[in-house]
Amino acid sequence: MLVICLMLAAGGARSQPLDEPLTPLPLPPVQDPAKVELGRKLFNDVRLSVNASVSCASCHRLATGGADDRPFSMTASGQLEPVNTPSVFNASLNAKQFWDGRADTLEQQIEAVVQSPREMGNDWRAVIVTLGNDSVYQADFKAAYADGVSAANAQNALASYERTLLTPDSRFDQYLRGDTSILTTDEKYGYQRFKEYGCVACHQGVNIGGNMFQKFGVMGDYFAARGYVTEADLGRYRVTGDEDDRYVFKVPSLRNVAVTAPYFHDASAATLADAVDVMFKYQLGRLPSEEDKRLIVLFLKTLTGQWQGKPL
Amino acid sequence: MVSQLVLAGLALALLLGLTYLYARSQTEKSESYTQSKDLVRQIKQLNAQWELEILKSRIALTHDYDRLVSPLTEIQRLWRQLSAVLGKPQGLNAQRWQVDRDGLVESINEKARLVEQFKSRNAVLRNSLTFLATAEDDIHKQFAQLNPDEQLRLQNIATDTYDVLLSCLEFSQTTSDSKAAELLLGLNQLGINQTVLPASFGPALENLSRHVSLILREQPKVNDLLARITALPVAEQLDQINALLDQDQQRAETVDQHYHTYLQVFSIIALGLLVFLGKRLLHSYQVINRVNEDLQASNEGLEHRVEARTRELKDTQAELLDAARQSGMAEIATNVLHNVGNILNSVNVSAEMVTRQVRNSKSAGLEKAMHLMNAHTEDLGHFLSNDAKGQMLPGYLNQLVEALATERQVIVEELRHLSASVDHIKEIVATQQSYAGVANLVEPVQVVDLMEDALRINSGALNRQQVDIRREFGNVPEIIADKHRLLLIMVNLISNARFAMTGTSDKVRALTLGIRIVDQALLQITVKDDGEGITRENMARLFTHGFTTRKEGHGFGLHSCALAAVEMKGRLTAHSDGTGQGATFTLEIPLITEAGDA
Numbered sequence: 001m002l003v004i005c006l007m008l009a010a011g012g013a014r015s016q017p018l019d020e021p022l023t024p025l026p027l028p029p030v031q032d033p034a035k036v037e038l039g040r041k042l043f044n045d046v047r048l049s050v051n052a053s054v055s056c057a058s059c060h061r062l063a064t065g066g067a068d069d070r071p072f073s074m075t076a077s078g079q080l081e082p083v084n085t086p087s088v089f090n091a092s093l094n095a096k097q098f099w100d101g102r103a104d105t106l107e108q109q110i111e112a113v114v115q116s117p118r119e120m121g122n123d124w125r126a127v128i129v130t131l132g133n134d135s136v137y138q139a140d141f142k143a144a145y146a147d148g149v150s151a152a153n154a155q156n157a158l159a160s161y162e163r164t165l166l167t168p169d170s171r172f173d174q175y176l177r178g179d180t181s182i183l184t185t186d187e188k189y190g191y192q193r194f195k196e197y198g199c200v201a202c203h204q205g206v207n208i209g210g211n212m213f214q215k216f217g218v219m220g221d222y223f224a225a226r227g228y229v230t231e232a233d234l235g236r237y238r239v240t241g242d243e244d245d246r247y248v249f250k251v252p253s254l255r256n257v258a259v260t261a262p263y264f265h266d267a268s269a270a271t272l273a274d275a276v277d278v279m280f281k282y283q284l285g286r287l288p289s290e291e292d293k294r295l296i297v298l299f300l301k302t303l304t305g306q307w308q309g310k311p312l
Numbered sequence: 001m002v003s004q005l006v007l008a009g010l011a012l013a014l015l016l017g018l019t020y021l022y023a024r025s026q027t028e029k030s031e032s033y034t035q036s037k038d039l040v041r042q043i044k045q046l047n048a049q050w051e052l053e054i055l056k057s058r059i060a061l062t063h064d065y066d067r068l069v070s071p072l073t074e075i076q077r078l079w080r081q082l083s084a085v086l087g088k089p090q091g092l093n094a095q096r097w098q099v100d101r102d103g104l105v106e107s108i109n110e111k112a113r114l115v116e117q118f119k120s121r122n123a124v125l126r127n128s129l130t131f132l133a134t135a136e137d138d139i140h141k142q143f144a145q146l147n148p149d150e151q152l153r154l155q156n157i158a159t160d161t162y163d164v165l166l167s168c169l170e171f172s173q174t175t176s177d178s179k180a181a182e183l184l185l186g187l188n189q190l191g192i193n194q195t196v197l198p199a200s201f202g203p204a205l206e207n208l209s210r211h212v213s214l215i216l217r218e219q220p221k222v223n224d225l226l227a228r229i230t231a232l233p234v235a236e237q238l239d240q241i242n243a244l245l246d247q248d249q250q251r252a253e254t255v256d257q258h259y260h261t262y263l264q265v266f267s268i269i270a271l272g273l274l275v276f277l278g279k280r281l282l283h284s285y286q287v288i289n290r291v292n293e294d295l296q297a298s299n300e301g302l303e304h305r306v307e308a309r310t311r312e313l314k315d316t317q318a319e320l321l322d323a324a325r326q327s328g329m330a331e332i333a334t335n336v337l338h339n340v341g342n343i344l345n346s347v348n349v350s351a352e353m354v355t356r357q358v359r360n361s362k363s364a365g366l367e368k369a370m371h372l373m374n375a376h377t378e379d380l381g382h383f384l385s386n387d388a389k390g391q392m393l394p395g396y397l398n399q400l401v402e403a404l405a406t407e408r409q410v411i412v413e414e415l416r417h418l419s420a421s422v423d424h425i426k427e428i429v430a431t432q433q434s435y436a437g438v439a440n441l442v443e444p445v446q447v448v449d450l451m452e453d454a455l456r457i458n459s460g461a462l463n464r465q466q467v468d469i470r471r472e473f474g475n476v477p478e479i480i481a482d483k484h485r486l487l488l489i490m491v492n493l494i495s496n497a498r499f500a501m502t503g504t505s506d507k508v509r510a511l512t513l514g515i516r517i518v519d520q521a522l523l524q525i526t527v528k529d530d531g532e533g534i535t536r537e538n539m540a541r542l543f544t545h546g547f548t549t550r551k552e553g554h555g556f557g558l559h560s561c562a563l564a565a566v567e568m569k570g571r572l573t574a575h576s577d578g579t580g581q582g583a584t585f586t587l588e589i590p591l592i593t594e595a596g597d598a
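Going down the list, the sequences are from chains A and B. Take 1 as the starting number for the first sequence in my numbering and just add one per residue. Take 1 as the starting number for the second sequence in my numbering and just add one per residue.
It is possible that part of the hints are untrue.
[Said to hold, decoys possible] Covered by chain B, according to a simulated footprint, are these stretches of chain A (three or more residues, beta-carbon under 8 Å):
1. 209-218
2. 273-280
[To be verified] Under the rule of at most 25 Å between Cα atoms (straight-line distance), these lysine-lysine pairs were calculated in the DSS-like manner:
3. B/K141 to A/K195
4. A/K293 to B/K141
5. B/K141 to A/K215
6. B/K141 to A/K281
7. A/K215 to B/K221
8. A/K195 to B/K279
9. B/K221 to A/K281
[Said to hold, decoys possible] So, partial list: chain B residues that the calculated Cβ filter (under 7 Å) puts toward chain A:
10. D64
11. Y65
12. E116
13. K119
14. S120
15. A123
16. R126
17. D423
Keep in mind the hints are simulated off the structure, nothing from the lab. On a predicted model such as this, the values are computed, not experimentally measured, just so you know. Note that CB positions come from ideal geometry on N, CA and C, so glycine has one too.
Working from the sequences, and respecting the hints, build out all of it.
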C-alpha cells in the first residue's frame, strides 16, 4: 500500500503518462531466481549446439543490442543463417517469435533453434544427456525444478531468463511516462512524423512492433527491385502456405533499433537512414523530405533502452 | 449370537451403502460445473472484447494492436484451463462434446488467422486513407503555384482529382461494385489527366493513384475479413458448450436426486436400526444395572466375609506367633533343662563321691583307737608302752591322721566341684530368665556377647558332641535390636546345626559362626554347619510352619525364626549345596547403631 502511495506520489510529482499508440515497457515478471540463473547459464553454454561451437549468446550478444552485428550469424555447422538475427532483448513481448512468426512462445522458439540444422543443429535428447552428465547442472536443475534435468525444463529456464531481458528506461519510455522534457524538439518532431507518415500503423504497442505481420513490399515489389528471391524471403508463406502470406514477415520491434544494425530479415539496410528509406518506398509509398527522414531517425535513436543500468 | 451377526452384517451393509451413495452424490461435478461455466463466461467476454477491439481498429479509434493480441492470448490460456477442468470427453454426450470442442478450437484458430490478416491489411488501408487528404493537398498546392490561366484551363482536372478523393472516401464507407467501378473510372481519368498536366505533377499523381489502388484493393478485403471474423460462430459455439455443460449438470443433478432419494431411504432404514439398537442398548443397560446391583450386594457380603476371615486369620497368626514364641521359649527352656541336667550329673557324681568318702571314712579307725584307749584308762601308760597293741596305737593314730587329712582333701575338692556345678546351673537359669518374657524390646545389644550366650545355652550338647566351634566375628559395634528375638534365632540356628551334625560321626564337626556388616547397612549373622545338608525339596518348605525332619521336632523353630526375622525388618535365608554338603543359615537385619544411622 505504502509503495503504491509512493509511486502515485512520484507519478503525480512528474506528470501523467501520455496516451499514445506506443506504450512503455512493463516491469520484468516475478520469477524463480533459480530458474532465471539456470537459464542464464544455458544461454551462455556452447554445449547446447551440436559441436559445442555456438551458444545462444554467440548470436544474441547482449553487449551489442542482443543481436548480431554481422548480417547473418554463423551457425554451428559453419553455414550462415538465412535471416538476420533479431534481438533477444524484449523478445518476450513479441506476440510471435522468428521473422516468420512460426513460434508462439519463447519455449517453442528455443526448442526449434537448438534442433534446427540451420542453427544449433543439436538434438534435445543429446542436450539432456550432456546436461545430465554435468553434476553442476544436475544440482542447478534439481534446485529449480522438481523433476530435474529435462528438455521442457531447460527450455523453460532459458525462456525465464529471456523474460528478464528487458531494456527499460529508454529516453522515449521516460517521455511516454510523462517526462516530456527528456526529448529534444527535433526528436519530438521525429515522433510526430513517425505517426503522421504511418510508421506507427505497424510499429506500435509496447514493443513498437512485434505484434503483427506485414507484407514486405506493400507499395512496390521490394524483391523484384532487389533482383532475386530466396527461400527465406517467402516469410510466413512457409508457415501457412497461404498465398496471401507470401513475403509476409513479423513486424520487428523498433526498441534498441539504433544499436541492432543491419536491418530487415535480409540485413540489406546497413544504417537507420537506409532502413527508413526502404520503409518509405516499399511500405508507406510516401515521398518524405530529407528533413523528415532525419527527424524520424533522431526519434528512432531515442528508443534505445538500458541493460543492467547502462544504456545499450 | 446369530442375531447379533445378522445385525452387524446389516449395519455394515447400510454403512457401505450410505458411504457409496454419499460419495456418488458428492462428485466434483457441480464444482467443475461452476468453474467451467465461469471459464466459458470469461472466454465469451474476451471474445466480445476482442471483436470490439477489432472494430475500434477498423474505424481507427485505436492504433495499438497489442489490444488485438492480448484477448487471444488470454482466451487460449483460459481454454487450456477449461480443457483441463473438462478432461477427456466422456459419458452420453462424449461425441457432441468432442465435436463442439474441436469446432470451437477451429473457430478460434481461424479467427486468430483472420485477425492477423486484418491487422496487416487494415494497417496499410488506414495509412492510405489518412494519406488521401494530404495527397490531394499536395496536388492542390502545386495547382496553386500555376499561373491563373493555367489554373483555369486545368480546373476540371483539379475537380477530377478531388472527385477521385471523394469517391475513394465514399468507397471506403460503402464498398459496393458500383462505387468500385466509379473509382476505377476516376483512376483512369487521373492517368489521362497526368498526360495533360506538367511533368512536375507526375510523382504526386502516381503516388495518389497507388494509394487509391491500394484502397480499392484492400478495402473489400478488410471488409470481407471483418465479415468473416464476425461470422465465425465462436460465441454460438461457446453457448453450445454452455448448453452441454447445463445438460450434463442437469443429468448429474437428476442422478444426484436419485441418489438423494436412495440416501433418504437408507437413512430411514439406518434410523430404524439405530432406534432398534438403542432399545436393545437400553435393555442391555438395565440388565447390566441389575447384574451390577446383585454383584455389588454379593460383593459387600464377600467383603464382610473377607473381613471376618482376615480377622480370624490375624487372630490365628497372633496365636501362631505366640505359639512360635512359646515354642522358641520352649526351645530355650529345653536347652536350659538339658544343660542343667548335664550339670546335675556332675552334681550327682560329686555328691556320691562325698557320700562314698564319708561312708568309707577312716574316722571309724579313730573310734576303734579311742575304744582301746578308753579300755585302758587306768593303765594307759603301761598299755602304751608294754602292751603289744598299745605299742602300735601311736603309729596307727599317726597313719589315721594322714588318711583323714587326705580324705578331707578329697571331700573339699568334691564339694568345690559341687559348688561350681551349682553355680553353673544358677548361671544357666539366670541366662534363661534374662531372656524369658521380655518381648519386642529394642535395646543396645553386643551381638558377639549375644552369640556367646546362645553358644552357652547350647554348650552342653555341643561339648558332648565335640563340636569344633569357629568364630568369624567381624568388628561389630553395639547395635540397637530386639535382643530376645536375636537370641531366639541364634539359639535355634545353633541348635539346628548341632542336630544336623549328629549323624556325621566320623569326622570333625565344625560349626562356623559369622557376624559381619554388609554395605554399612545390614548386619549379617551366619551359622554354617557341615552336617547332613538340606535336600532341594525340603529347601522349599524349610520355613513353613510345622515342617521338621526330626522325629522329636515340632516344626516351629525355623518358622518362628523366619517370622522373628521379618518382625525385625530383616530376613532369614538358608543355603545348602545338597545332602551331605552342610548348610548355611543367614540372618540379615538392618544395621541400626546408637549413632542412629541405618
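For each hint, the structure was consulted:
1. 209-218: holds (count 6)
2. 273-280: Violated, because only 0 residues of the stretch 273-280 of chain A bring their Cβ atoms closer than 8 Å to Cβ atoms of chain B.
3. B/K141 to A/K195: Holds. B/K141 to A/K195 sits at ~23 Å (cutoff 25 Å).
4. A/K293 to B/K141: It holds: about 22 Å lies between the C-alpha atoms, which stays within 25 Å.
5. B/K141 to A/K215: violated, 32 Å
6. B/K141 to A/K281: holds, 22 Å
7. A/K215 to B/K221: Holds. A/K215 to B/K221 sits at ~15 Å (cutoff 25 Å).
8. A/K195 to B/K279: violated, 91 Å
9. B/K221 to A/K281: holds, 23 Å
10. D64: OK, holds: B/D64 within 7 Å of chain A, min 5 Å.
11. Y65: Since chain A brings a Cβ to about 5 Å from B/Y65, closer than 7 Å, the hint holds.
12. E116: holds, 6 Å
13. K119: holds, 4 Å
14. S120: holds, 5 Å
15. A123: holds, 4 Å
16. R126: holds, 6 Å
17. D423: With a minimum Cβ separation of about 107 Å from chain A (threshold 7 Å), the hint on B/D423 is violated.
Checked against the numbered hints given earlier, the structure breaks hints 2, 5, 8, 17 and satisfies all the rest.
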